[in-house]
Amino acid sequence: MRNLTAAGTCSCLYVNTLTAGYPLEKSHKKYASNDKMEMEYRTLGRTGLKVSALSFGVMRLAEPAVLFEALDMGINYFDTAHTYQRGNNEKMLGDVLRQYGREKVFIATKIPPYYKRLGMKRLNDQKSLEAKLEKSLKRLQTDYVDVLFLHNIKDPDWPAHDEMLSFCQKMKETGKARFVGISFHSGGKTYVDTVDQALKADVYDVFLATLNYKSPKAHIDALKRARKKNVGIVAMKTQAGGYEQGARESINPHQSALRWVLDREFVDCAIPGMVNRQQLAENSGVIGMKMGWSHRKTLSVYYDGIKDRYCLRCGACSSSCKNAVDIHTIHRSLMYWEGYQDFELGRKTYRELATAENALACMSCSTPVCRCINGIRISERMRYAHTTFI
Amino acid sequence: MHIQLLSKREPRIPVDGLRHSIKLLVVLWILAGTCMVSAAESNVAAILTARLPIPGWKPEGQPYRYIPANLYEYINGGADYFIAYGFISLTGANYSPVSGGMDSVTVDIYDMGDNLNAFGVFQPRRDSQAPSLNIGTGSFGSDDYVAFHKDRFYVEIQAYITEKNAKRVVKDMASMVAAHLPGDDSLPHELSYFPEKERIAGSERYIRGGILGHAFLDRGIVCDYRIEGKKVTAFVAFFPSSGDAVLAVEHHRSFLEKSAKTCFPLEGFGMHSFVSEEPFHKTIIVKQTGTFVAGIYDLTSVEAGKTLLTGILRKIL
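Going down the list, the protein sequences come from chains R and H.
At the far end of the first sequence sits residue 379, using this note's numbering, and the numbering has no gaps.
At the far end of the second sequence sits residue 318, using this note's numbering, and the numbering has no gaps.
In case anyone wonders, no lab produced these hints; they're calculated from the structure.
A couple of the hints might just be wrong.
Claimed, not checked - With a straight-line Cα cutoff of 20 Å, these simulated DMTMM-like cross-link-like pairs (lysine to aspartate or glutamate) come out: (1) R:Lys143 with H:Asp225; (2) R:Lys80 with H:Glu205; (3) H:Lys307 with H:Asp245; (4) R:Lys337 with H:Glu74.
Just chain H, same shape as in the assembly (with noise of 0.2 Å):
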């Protein structure tokens, strides 16, 4: 057998022995990751089964669960949105009345991995014209539909409700759901990059495949200013490394040089930076900052612009 002499003066770790550490390691982190995730799960089952149902009502077989690779079975192709925003599981489960009768309630919970996902989720489908029902970070609903989002999880509840004296049950059994899911009620820390003045409430949008229809602008932040009574976009993009927030302002360049654009610097902001004629969409600015890149459209005027891309350049810092 060899027997590996180690000096008194240079302590040594053998090698196989360093890589039996870190192998540990890694199977303790893949461990720990999944007893985390399968909390989660179970924690959102208890919710379905211990917190739910409110009084007179109870559930129709035991909690259901779907996964990427089968979501399409519940949800047909509405599946592909959620997948493309980091999807990982949905617990769901189905009520009717104890009274009997035709009445029913359906709650869905989506695990989407964060709380910038499931805010991604939520607002593309938020009704503009409906109020806020303050149950979980962001909600809106009626009678027989309540979709809110807290923490990574977006939740969805739909009814099929003929009693008059049930018409709460679907705000009922919302506002016990964001009681008990874990986590927090606070927005995405992405959205602080935003300057509130003269910000359109409601308008801010998490995209993933393309701000402006750009697949080099992959994934960030959207909304909506009223400057001068005219309403103007601001987004930031995220990027892995400024490295490639650099090489999507040179992208960006590029695209607008093949559609007959011509890019401009962008006076007092520096390297990395220009303005444009946008397709479709007015006169752009644009701006690298570290790993990110940020711009305002549709704007009238450059002048406002650069305003506000100040402002949002200050808050990124």
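Here chain R stands alone, though its shape is the one from the complex (with noise of 0.2 Å):
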């Protein structure tokens, strides 16, 4: 096995000494570049965990010394899942925290709670779901994880599932999960009702959701509330977008929109993924900023580029037609053809729609009432697309 051991063989670098029960908020740090850098500590709701503002979202990385990178940084919260690579993901988090110390650091996990397929209609039974969190607790070579998710909250009525419930609360019980939690990412009404109806279950205690710069203000609230409740608040998909080179120097808009995330005082952390060095450097050259004017006006000319096409999902459009227009559906025909080139399937998506829901109505209509609060013009958009696809 590789001598991983991070004292053993990189003298550069300061090992660090955080436990997770590190009572500060603050510590200083180095970096291996020389540069300063103070990891920011935050506490994840009512969980108590002082956990690094920014975090680690394994999933992708395929290079374990990142990791102990990462670690030397400060960073003590790392987030894989039991399918990510099949559970490979997990094996190399477990490789890594044993040689660091398992109890240096935070392990979140997730577990499906649906049975994959079938349109994900078909929950998984309380027991598949033990056998399932076994596997991952035999990966990452550990007898507990700090916060289990129940992975990919489709319906807003999973969280409230008697049998996710008692999943939960025996899993606390017995001590392999200290807390338990959902993590989500659908748009719309049913973000906010995900948030809603696990708030009601109060069996919670961390939500994992999709946070940028771009979510809608229903999404933003949703978390506050949750927030309110004591609830920790683990941010993902907090760039909307992949990384620029470099740039400890002066930020550039991914950095904007890390530390756009990280502002929003609801948030415990986020957990960008990360494959490299350059891309934690990246990262880590937002801890300590604040967002100024400079940071703002970047990330907003960034956001000009691209408003007047990017939809955000939000579903606020389609209460504004007054005919029966699939606004949403016609968006997304369109980021098929615009976003990703594939006409084809842009065309297909359109050409799905009953004649009722397409554009059609649109042609003709000279008082369009329809209204995005992002400041698409729908109306021609949707002209647009109809005279492109039919």
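Hints in hand, dock the two standalone chains.
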């Protein structure tokens, strides 16, 4: 086995001495490039865990050395899932944390509550959920996870399902999960309903949710409601895009986007997925930074470039059309073409709409009342879609 | 109207005509590409509808399709992984027994664009303990799950099986899909850069995003060897030009020096090579050749690494 012991092989890196129960909110750290970086710690809602504001989405990572570097930077919360790389992702994280010291960090993993296929309609029973968690614990080489998420909640009723509640409670009682939560990234009202239903269940300690500077206000308000009930909020898909190189000196749009998320006071940590040291450096570059006017401007200019076309899928436009035009699907068909250069799929998606739902009505609509709260000129876009795809 | 007089001695194509010809060629090239992609998609859909299911099973609805824009809706965050490896589309279908019951099989065929990408998503999912099933180019699985890759395709078949006599259904469907997918069963040619002697079978991975966690070594193949009883890892990173490869070596050297490591020339390997200590990976040796950067890390003996590196460089050339 590789010698991946930080202290043994890398004298330039400062071995992190933080422990999971470390009482301080802040700790001074140095980073390999000799840049000063002070990791910021926040309390993860009612769990009381002191987690690094910049945490680590491990999903795509192939190189364990990046995890050691993250640990040395003070990152102490690592997110993986039962299904990532068919469990090999959990194995890699388990190997690293066994060498580093399990007790010094927090592990979050996710178990799919549904039997994936058949349209994800069938929920797993408690026994099979327990079997999945046992498998995950074995891969992670630990007896417990700090946060166990029900993965990808697609139906707001799932968090309140007896089987789910019973599973979560049992895992907490047996100590296999210190805390439980749900992860979700549905759009529109489902997002809000999922938050509200999960809050009613009053079992879940943490929400792992999509949040970025494009998030609809309704989603942000829902997370604020959760935070008021002391639920920990972990943000994912924070940058809504990729990475840009370097930029520890001046902030780039992706860094601005991450900083925007971390500046939301209801957010406890963010888990951008990272696959190399450069991405780690880019993300760590925003720690300690305050979002100033120039950063907001960077983000605003970036968003201005795409906002007239980018549908946030908030669902608010549907009710504003006096006809039955399926604005959401028509936007999606345009996105297939414009965003992914797949004209056929765009046209196919459009043509699958019933005549009453496509944009035919828009062609003769002289008094459109449809309105997008984010500034998309809906009627123009609908007419454009119709002339393009029909 | 302006009429251009052409010299008999120097026949010339009017500039506008040339432009039109180029435009036409570009359009034809795009159309040809589009047709090829569409043909591949229809081939895959035809396998799901005409070749499957096997007797005793029936389709549940029509085949479905996902593209990068909506793959999240199907496999959640796992979509990131596929997209990073060049995912183009997923075509899949569900099947259930003709006799009824709760059993079901789902076949998902991912078009990854080329065989290297398909290998790239297959290999990290492979269970190192699981034996190969001799389906497609590489495969592993059990009674209720089979994954394999063939040519540009990565295929996953999952099942919920309760009937004892249905235990072979997943493997049978996988074999049927593999037999009808277009392309051949050969491994990506990039694997041939690695000498077979002392190579640990099944350790080969195609990395995108950074070998050793370095963005400047963005993509390449990594595999393990056992030399003198100790495991070492070899890599070959690919670059668009030799200039980019040289630059990557310089970036690497710069990273190590910033990490307080000293880089020494790698004796006998000429320019753009060095030996140093890689954080978390013991001794590393690196050499650029053409559009490639090759290296060995986790070394305890530089000399043993040099022999392997020489073998790799010979294979590349």
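Hint numbers contradicted by this structure: Hint check: 1 and 3 fail, others pass.
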